[in-house]
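Listed in order, the protein sequences are those of chains D and E. According to my numbering, the stretch in the first sequence is residues 1492 to 1795, in order. According to my numbering, the stretch in the second sequence is residues 4 to 309, in order.
I should point out that these hints are in silico values taken from the structure, not numbers from a laboratory. It is possible that part of the hints are untrue.
Claimed, not checked - Label pairs and their in silico Cβ distance ranges: (1) T199/E with L1706/D: 51 to 59 Å; (2) L1557/D with T199/E: 45 to 53 Å; (3) I104/E with L1788/D: 41 to 49 Å; (4) I1629/D with I111/E: 27 to 35 Å; (5) A1700/D with I104/E: 54 to 62 Å; (6) G128/E with L1652/D: 53 to 61 Å; (7) G201/E with A1610/D: 54 to 62 Å; (8) M213/E with L1788/D: 37 to 45 Å.
As the list claims (entries may be wrong) - Under 7 Å between C-beta atoms, here's a sample of chain D residues computed to sit facing chain E: (9) V1513; (10) I1635; (11) A1636; (12) I1637; (13) L1648; (14) T1738; (15) V1756; (16) L1771; (17) V1775.
Predicted, not measured: the structure shown is a model, and the values here were computed from it. Ideal Cβ placement from N, Cα and C applies to all residues, glycine included.
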Amino acid sequence: MVTLLATVLIHIARAALLVFGVTVLVFILVRAIPGDAVDVLAIEGGLTDSQAEAMRAGLGLTASWLDQFTAWCLSALRGELGESLRFHVPVADLLLQAIPVTLALGAASLATGFVLAVAIALIATLRPRSIVASLVDILNIWSIAIPTFCAGLVAILVFSLWLGWLPVLGNFLVPVIILGLDAAGQIVKPLHEEMKELGTAVYIRTARAKGLHPLKIVIGHILPAAAPVLLAMTGLVAASFIGGALTMEVLFGLPGVGSLAFNAVNGRDYPLIQAVVLFLAVAVILINALTDLAQRLVDPRPER
Amino acid sequence: MSTHDQEATRSGYPGPGRPTIEQGSGGRARRLPFSLLFGLAIVTLFVLAALFGPMLDGQDPFSQDLLNRNQGPSPAHWAGTDNFGRDVLSRLLYGARLTLIVGAGGVICALIVGAGLSLTALAIGPWLAAAVFGFIDFIRALPGVLLALILIVALGAGLSSVVIALGIAFSPFFAYIARAAWRREMAADYVTAARTLGASRLRILYRHAMPNIGGALITLAAVILPRCIVTESVLSFLGLGVSPDTPTWGRMIADAVPLVERAPHAVLVPVFCLSLLTLALALLGNHVRAAVDPLRAGDPSGRQRW
Chain D
1492 MVTLLATVLI HIARAALLVF GVTVLVFILV RAIPGDAVDV LAIEGGLTDS QAEAMRAGLG
1552 LTASWLDQFT AWCLSALRGE LGESLRFHVP VADLLLQAIP VTLALGAASL ATGFVLAVAI
1612 ALIATLRPRS IVASLVDILN IWSIAIPTFC AGLVAILVFS LWLGWLPVLG NFLVPVIILG
1672 LDAAGQIVKP LHEEMKELGT AVYIRTARAK GLHPLKIVIG HILPAAAPVL LAMTGLVAAS
1732 FIGGALTMEV LFGLPGVGSL AFNAVNGRDY PLIQAVVLFL AVAVILINAL TDLAQRLVDP
1792 RPER
Chain E
4 MSTHDQEATR SGYPGPGRPT IEQGSGGRAR RLPFSLLFGL AIVTLFVLAA LFGPMLDGQD
64 PFSQDLLNRN QGPSPAHWAG TDNFGRDVLS RLLYGARLTL IVGAGGVICA LIVGAGLSLT
124 ALAIGPWLAA AVFGFIDFIR ALPGVLLALI LIVALGAGLS SVVIALGIAF SPFFAYIARA
184 AWRREMAADY VTAARTLGAS RLRILYRHAM PNIGGALITL AAVILPRCIV TESVLSFLGL
244 GVSPDTPTWG RMIADAVPLV ERAPHAVLVP VFCLSLLTLA LALLGNHVRA AVDPLRAGDP
304 SGRQRW
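Could you put the whole structure together from the sequences, leaning on the hints where they help?
Have a look at this one:
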């Protein structure tokens, strides 16, 4: 119990350190971007040099990087993420509007992929020579070979333009299916490998010898034993979705965090980039930490 | 750490000697598998097209023919023309060159940054290694596309900055694999022997352990290459590619999307080529992994997943 608590604490400490490090990294990187929001606004709005300088001073962009960083960190700790340089609304509001979209997209896709992967791996283990078993490899190759944005483009072309079934923008179902298939392809292969391997274990032979129904063996014995692999892959896919959702959101015009990040980087909107990256990094670190922890709980054997 | 490492084994190729539930379905190892031949054929085709295509084709990928905009495939333009009346096929061939150069460049850059840095740090001392891996953990915490996006905007658009951004974004994979391989090799008897003879850690690394670590790194490079190419096209698609008028495939797709209704071929042809290339590279990567992966082959239990 004590060691478990220690493990949890170490995880939290490591995660906090990572968040801080990523914040510093992004702060430096973002400041290294040539041009700032005032430059972008100046090109768009035709500001004179003196107007631009006054604007920079007003936005706090003339202070040293260290001062800017400490100011940002202090206000971030208070929960104030600053104001967007371009839209003049609090960054937190923009983020709060975008998060539910991304969360819904990610959760729905992950759930689709998870259910699909588990179902296919189960059937493929039960019936190794069936068509479903070959789906394991097909889905896996699909997820490696077909970039999600290519699949998205073709889906837009076929379903929206040629068949006229769906509106191009704001659609939710198509990206969920595409990301879900991608997730399923990544999860199903390692899961199936693990389940096949577990199928040769001695206790499975015992279960088979005593006449237990194959379905009960697969669901009751093999699947629980394969849980660590399933969890690890699901965690990895969840973390990778945070990047993958970006392209899908831009492509399908979903107003999520990915679209926000894309617009923020293009508009040199420092506070917005920092907030979005901080959010995404926290999300990735959280998912990774939770996955590690869940694995530790499901599989209490120490590593190695 | 272990969860990061597994991302590299996304395809989970069944290594040699892994027992399966049905032992009777063997026989695949005897003849050359179809997927290997298919992958080789497609990759060779694309490499040849990238090398010689622009010469044979004879069309200028940049010459505009505004009277023949968005034309479908025809004898004059085999893959049709785009929104500026430029020949899609010759742009595709020219883009194949860039796509392959950027993809390979990104992988090499990731190999040097990730594996080179981490191995050297590991050889010099545990403190340096801890610092380097601390930094790599930071990089790893950012989604790859987002990191590359910020890096490219910071470095300015251009071939070298895309390659560097891809290299940095993919370097953690190489670093983690290199560390796993390093730990495995350092436990081996020949390392103890070399150390007893007074060889320095750096010498042990580059003279003795490298041949054994190299296999794992080459395997990873083969697996990462298609992902590098896809990421490049995603970045180009987001408008952050090599440069606005250089036709990488991602760029061609991005440019053609607004007019997809009038000229669907200008989207579909590069999408098809990109998917075909990544498919072939992924299949080849799986075979490379099966052939030269000492981590799996050397582990009798077959359960190790770096």
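Each hint, compared with the structure:
Taking 51 to 59 Å as the suggested C-beta distance range, the pair T199/E and L1706/D conforms, at roughly 57 Å. The hint said 45 to 53 Å for the Cβ distance between L1557/D and T199/E, and at roughly 50 Å that hint holds. For the pair I104/E and L1788/D, the supplied restraint of 41 to 49 Å holds, since their beta-carbon distance comes to about 46 Å. A hinted range of 27 to 35 Å for the beta carbons of I1629/D and I111/E is consistent with their spacing of about 31 Å.
Between A1700/D and I104/E the C-beta distance comes to about 59 Å, which sits within the given range of 54 to 62 Å. The hinted range of 53 to 61 Å is satisfied by G128/E and L1652/D, whose Cβ atoms lie roughly 60 Å apart. With their beta carbons about 59 Å apart, G201/E and A1610/D fall inside the hinted range of 54 to 62 Å. Distance hint check: the CB atoms of M213/E and L1788/D are about 39 Å apart, consistent with the given range 37 to 45 Å.
About 5 Å separates the beta-carbon of V1513/D from the nearest beta-carbon of chain E, less than 7 Å, and the hint is met. Interface hint status for I1635/D: upheld, as the beta-carbon distance to the closest one in chain E is roughly 4 Å, under 7 Å. For A1636/D, the shortest C-beta to C-beta distance to chain E is roughly 3 Å, which falls under 7 Å, so the interface hint holds. Given the 7 Å rule on beta carbons, the hint for I1637/D holds: about 5 Å separates it from the nearest Cβ of chain E.
Against a cut-off of 7 Å between C-beta atoms, the interface hint on L1648/D holds, since the closest Cβ of chain E lies about 6 Å away. For T1738/D, the interface hint holds, the least distance from its beta-carbon to any beta-carbon of chain E being 5 Å, beneath 7 Å. Against a cut-off of 7 Å between C-beta atoms, the interface hint on V1756/D holds, since the closest Cβ of chain E lies about 5 Å away. About 6 Å separates the beta-carbon of L1771/D from the nearest beta-carbon of chain E, less than 7 Å, and the hint is met.
Because the smallest distance between the Cβ of V1775/D and any Cβ of chain E comes to about 5 Å, under 7 Å, the interface hint for this residue holds.
In this structure, none of the earlier numbered hints is contradicted; all agree with it.
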